[in-house]
Each structure stands twice: as C-alpha cells, then as structure tokens.
Amino acid sequence: MYRSHYSKEISKTEYNSTVTVSGWVEDIRNLGSIAFLILRDKKGTLQLTILKKKTPELFERLISLPRESVISVQGLCKENEKVRNGYEILPDSVDILSIAETPLPLGVVDKVEADFDTRLDNRIIDLRKPEVQAIFKIRSAVLAAAHEYLRSQHFLEVHTPKIIASSSEGGTDMFKLRYFEKEAFLAQSPQLYKQSLMATGLDRVYEIAWYFRAEEHNTRRHLNESTAVDIEMAFIQDEEDVMQILEHLVHAMWKRASECREELDILKKTVTIPTLPFIKVPYDDVVDKIQQQHSPIQWGVDLSTEDERLLGDIMKKDGIDFYFITKYPLESKPFYTMPDKEKYSRGFDLECKGVEVSSGSQRIHDVALLIERLKACGLDPKDFDAYLKAFRYGMPPHGGFGFGIERFLMELLDLNNIRECILFPRDRSRLTP
RNA sequence: GCCCCGGUAGUGUAGUGGCCUAUCAUGAAGCCCUGUCGAGGCUUCGACUUGGGUUCGAAUCCCAGCCGGGGCGCCA
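Counting from 1409, one number per residue, gives the positions in the first sequence under my numbering.
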C-alpha cells in the first residue's frame, strides 16, 4: 500500500501512529544532521523530518534525491507546533518510485516565474502547481453542476459526431481531413446535429461538446480547440425559454464555483453569485448606449471587441456582470436563427464583463423558411440535404445555445489568458504537448 | 487574412557598437551546518535563435529565415 493518508487528511487522530504517504519531493532542506523533506500530494504538502543519527542510511538516500522524484514513505507521525501542518513524519522506510531527471525544465516551487509559453511546453510539471490544479478542480466542479442542473431539467446527455461531411454553419473556417476516399471536416460545433435531434422526440438534449475552428486568430481569448455546454430544446414558446435555462445554468455553475473554497483561496479569488434574472438589453439599446460613448457603430453589424468592452464597462458601473443582448439584427446571425419582424431575429448573446460567453436563439423549424434563409446567406441548400431532411417529417419549434466553458472559466476566475483554462491548449502555433 | 512586438545559461533577467573573458537571481553539482519552512554560508557549472551583411570591432546596427508573443477581424 502506497498511501494511508493524503497530507491534509492527517490530524490529531493520527498523531503517534504510523502512516504511509506518497508524492513528489518538492524540496529538501538539509541542515547537516537533520533534514526536512517537503512531500507534495494531491491535497497539499507535508514535512518529513529525517535525523542522521537515528536513520543514517535513510538520511543519505533521501537527501540525495532530485526534486520532483516520487517516493512513498512509512513513518511515525508526530505532533510538532514548529511545523506548518502541526505535524511531521519521521520515516522508518522509504520506497523510491521514480527519480526525476535534473535540471527540471520548469521549477514547481522556483522563486523565478516562468513564461506562459515555457509553462505550456512543460504543462505536466506546470500542472503540479496548486494554483494551476485549482483551475481544473473548479472546472470539474462547475461542469458537475452543469450536468446536475440540466439533468434536473430533463435534458438528455448526447454525443454527436465530430467528423462531419460538409461545411456546416458557414462563418468559421474548418479543419479539413481525409476520411478514407472522401473529404471530411472537424465539427465547428454540434449545432446542426443537436437541432436534428429535436425531430426525434427527445425534446431536450445537451452535450459537453468540442468545437474545432481553423481560424488563424492569435489572441488571449481564442482557441482552435475548445469546449462548450451545448443545449437544444423543443416546444419552446420563443427564445425567452432558452434564455431562462441559460441563466439558471450559469447561476448553478457560478454557485458551485463559489463553494470551491480551497481552490478559490489558492487562487486568491472571491466569487459573487449573480442574481437572477439577468437583465436583457435589446440590440437597439446597445447601439444607443455605445453611440452615447461617441463610438461609431453601424446598425446591423455584430459588436466589435471594442464595442463589447465599452458596453461591459457601462454595465459594470451599474454593478452588472451578466447581461443578455437580445433581438439581434437578422443579418448578423447565422441562417438557422428565427427571424423576428422584418429586420430582427430571435437570437441573443450572453455577455460576462464585456466578453461573449454564450450565444443562442430560437431556430427556424419551417423547412421552406430555412431554405430561404440559407440562400439569403449565400449558402447552397444542396449542401445541407442531411440537415434539411430532419425538418421535412415533423419538426417542433425549438431553440438552444452554446456556452463556452473556457471563456466562462476565464471570466469566473479573472484569468487573462484562455489557455489557462484548458489542459493542453491548441492555438495557431501550438500542437504539442 | 491584416498589423505590431520579441528571441541572452535548465528557468527568469541585465546588457542599445569597444569597459562582455556577458550581469544578477534562480537552478544543478559538491562541501559545512540539529529545527528548516523563500533556510543560511562557501566553491563550481551553465547562455547571446540561424544565415548573410555593415564595421578596425556586433549580444547590440541592417536584411532574410526560423521560432514565439500580442492586437484586430471572426467567434465561444
């Protein structure tokens, strides 16, 4: 047995008894006849105290270990107020499981900061840092909350194909790949498939989906491979039904994040749960607000990054982090978006502190209108035969959204680079690790 | 796709034409030290992205390549 306790699980009940602990050698402070070895595991660190006089052979073996080697130690746990944890372990036997090479390409507890690029090149070692692990522990927690919330609302978890035949929604560039004798693409989103599923009677589906986008962007907010919570729901009255699910989902995730005390402490973050419902600002009002700030904006186009930020600042002054932008002009939304009156649509974005974290809409369910909109968007309905088929044999009114997980985490934790929120980021130039 | 910026030991940096046999920190190797927790002290090791050019002289200036960062557009 390699482990009877994690570092943080040891308390008064274990004092004066033998425990087995395992982990990485974070640091060794050798004072000559006494040495202190800091051992790190998933939950934190603990101190081994080794006396040369008492265990000379163990002493020599341990003090010569390179940092970040992996060991398992059995020893007596003694209370000691001088030590941070309140206890220390006096080893009786040691199992050296793996010896780390030196020098480390990236220090886990070095006093010098490494560039983000160096950290990513050595992500496995970077991920040993508690503040990096905290992000992924929170990520796991908020996704658990998302699953729980959506299931409580009778959403069925599905998985749609990521290798697809044709340019799906248009807009973004897709990664092309060889599929035996055919050409295929990596899906930019599950959009067309989750919509198709609305014709099956499953009514409410969600997917933790991968998005692949071949855009050559090079910013702190974009990835070429990212994840999202994607949902689609049928028999909706209008896009309001969809927004209601979205705001409750965000609320549930934000709330769960606020319960991750240990991780938030490590990151020195406090999370304030937003209040529901989120306010809704129609696109026309957004244009007014931005024009009042003397920023030229043309009606009909999507907001520029600058405009989004400007709006974020305006909302921030009123203490608002989350807000919907609703009733977008039809021309700024994809072909499947339900029109509203002449020029408008039933499409919306959810913004967080001036950054778009989700976008959704009521969709068109009438096949004739859908074909008309495809053409109006310069697309060829023939390319969408498989998709359109789903609409020909009974398709209820429906809508949904995609909610970017990395974007969300980035805003939740005020991280300044989206790559912090994904284990192994894929960007314009990074394909390894 | 357009536009800016950068590349010096394992890591992070100083150095803007000669004072560079390249600074400091961290790290690594070794020695001393019985209460460290950013341990301390001493010794040693280790680097100018590549190729051209300018110049008496290039880490430093110019050109090209390679690698990287960022902004915009687009979007999550």
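Among the hints, erroneous ones may be present.
Unchecked claim - Here are the simulated BS3-like pairs of lysine-lysine, each with C-alpha atoms no more than 27 angstroms apart in a straight line:
id, residue 1, residue 2
1, K1486, K1416
2, K1451, K1490
3, K1677, K1537
4, K1519, K1676
5, K1590, K1751
6, K1486, K1451
7, K1724, K1761
8, K1677, K1451
9, K1450, K1416
10, K1663, K1490
11, K1725, K1677
12, K1751, K1537
13, K1761, K1725
14, K1761, K1697
15, K1677, K1697
16, K1420, K1486
17, K1420, K1590
18, K1676, K1451
19, K1676, K1751
20, K1490, K1462
21, K1519, K1677
22, K1751, K1570
23, K1676, K1725
24, K1450, K1519
25, K1416, K1490
26, K1790, K1450
27, K1537, K1590
28, K1416, K1519
29, K1749, K1724
30, K1790, K1751
31, K1697, K1663
32, K1590, K1783
33, K1697, K1783
34, K1451, K1545
35, K1725, K1751
36, K1462, K1545
37, K1584, K1545
38, K1663, K1724
Hints were generated in silico from the structure; no laboratory data involved.
Going down the list of hints, with the structure as the test:
Simply put, K1486 and K1416 have alpha-carbon atoms about 15 angstroms apart, close enough for the 27 angstroms limit, and the pair holds. For the proposed pair K1451 and K1490, the alpha carbon gap of about 21 angstroms is at most 27 angstroms, so the pair holds. At most 27 angstroms may separate the alpha-carbon atoms for a hinted pair to count; K1677 and K1537 meet this at roughly 17 angstroms. A hinted pair counts as satisfied when its Cα atoms are at most 27 angstroms apart, and K1519 with K1676 qualifies at roughly 19 angstroms.
Between the alpha carbons of K1590 and K1751 the distance comes to roughly 39 angstroms, so the proposed pair goes past 27 angstroms and is violated. Taking the CA atoms of K1486 and K1451, the gap is near 19 angstroms; set against the 27 angstroms cutoff, the hint holds. As the CA atoms of K1724 and K1761 are separated by approximately 7 angstroms, the hinted pair is consistent with the 27 angstroms bound. Taking the CA atoms of K1677 and K1451, the gap is near 19 angstroms; set against the 27 angstroms cutoff, the hint holds.
Restraint check: the Cα-Cα separation between K1450 and K1416 comes to about 9 angstroms, which is no more than 27 angstroms; the hinted pair holds. Distance check on the hinted pair: K1663 and K1490 sit about 37 angstroms apart at the alpha-carbon level, beyond 27 angstroms; violated. At roughly 21 angstroms between alpha-carbon atoms, K1725 and K1677 fall within 27 angstroms of each other, so this suggested pair holds. Taking the CA atoms of K1751 and K1537, the gap is near 51 angstroms; set against the 27 angstroms cutoff, the hint is violated.
Restraint check: the Cα-Cα separation between K1761 and K1725 comes to about 11 angstroms, which is no more than 27 angstroms; the hinted pair holds. For the proposed pair K1761 and K1697, the alpha carbon gap of about 16 angstroms is at most 27 angstroms, so the pair holds. Straight-line distance between C-alpha atoms of K1677 and K1697 comes to about 31 angstroms, which puts the hinted pair past the 27 angstroms bound. Note on K1420 and K1486: the hinted pairing holds, with a Cα-Cα distance of about 9 angstroms set against a maximum of 27 angstroms.
Proximity of K1420 to K1590 is assessed by CA-CA distance (about 66 angstroms); at most 27 angstroms being required, the pair is judged violated. The hinted pair formed by K1676 and K1451 meets the criterion: a straight-line CA distance of about 17 angstroms does not exceed 27 angstroms. Simply put, K1676 and K1751 have alpha-carbon atoms about 46 angstroms apart, too far for the 27 angstroms limit, and the pair is violated. The suggested pairing of K1490 with K1462 holds, with an alpha-carbon distance near 20 angstroms, which does not exceed 27 angstroms.
Under the criterion of a C-alpha separation no larger than 27 angstroms, the hint pairing K1519 with K1677 is consistent with the structure, at around 22 angstroms. Restraint check for K1751 and K1570: not satisfied, since their Cα atoms lie roughly 33 angstroms apart, outside the 27 angstroms limit. Between K1676 and K1725 the CA atoms are separated by roughly 23 angstroms; this keeps the pair inside 27 angstroms, and the hint holds. Distance restraint check for K1450 and K1519: the Cα-Cα separation of roughly 21 angstroms lies within the 27 angstroms cut-off, and the hinted pair is therefore satisfied.
Of the supplied pair hints, the one linking K1416 and K1490 holds, its CA atoms being roughly 17 angstroms apart against a limit of 27 angstroms. Between K1790 and K1450, the direct Cα distance comes to roughly 54 angstroms. Violation of the 27 angstroms bound is thereby established for this hinted pair. With a CA separation close to 44 angstroms, the supplied pair K1537 and K1590 exceeds the 27 angstroms bound. For the proposed pair K1416 and K1519, the alpha carbon gap of about 24 angstroms is at most 27 angstroms, so the pair holds.
With a CA separation close to 31 angstroms, the supplied pair K1749 and K1724 exceeds the 27 angstroms bound. A C-alpha spacing of about 26 angstroms is found between K1790 and K1751, which places the hinted pair at or below 27 angstroms, so the restraint holds. Proposed proximity of K1697 and K1663 is contradicted: the alpha carbons are some 30 angstroms apart, above 27 angstroms. With a CA separation close to 26 angstroms, the supplied pair K1590 and K1783 stays within the 27 angstroms bound.
With a C-alpha separation of about 33 angstroms, the suggested pairing of K1697 with K1783 is violated against the 27 angstroms cut-off. At most 27 angstroms may separate the alpha-carbon atoms for a hinted pair to count; K1451 and K1545 meet this at roughly 11 angstroms. Distance hint between K1725 and K1751 is unfulfilled; the C-alpha atoms sit about 31 angstroms from each other, more than 27 angstroms. The hinted pair formed by K1462 and K1545 fails the criterion: a straight-line CA distance of about 40 angstroms is larger than 27 angstroms.
Using a Cα cut-off of 27 angstroms, the hinted pair K1584 and K1545 is violated, with the two alpha carbons roughly 33 angstroms apart. Distance hint between K1663 and K1724 is fulfilled; the C-alpha atoms sit about 20 angstroms from each other, no more than 27 angstroms.
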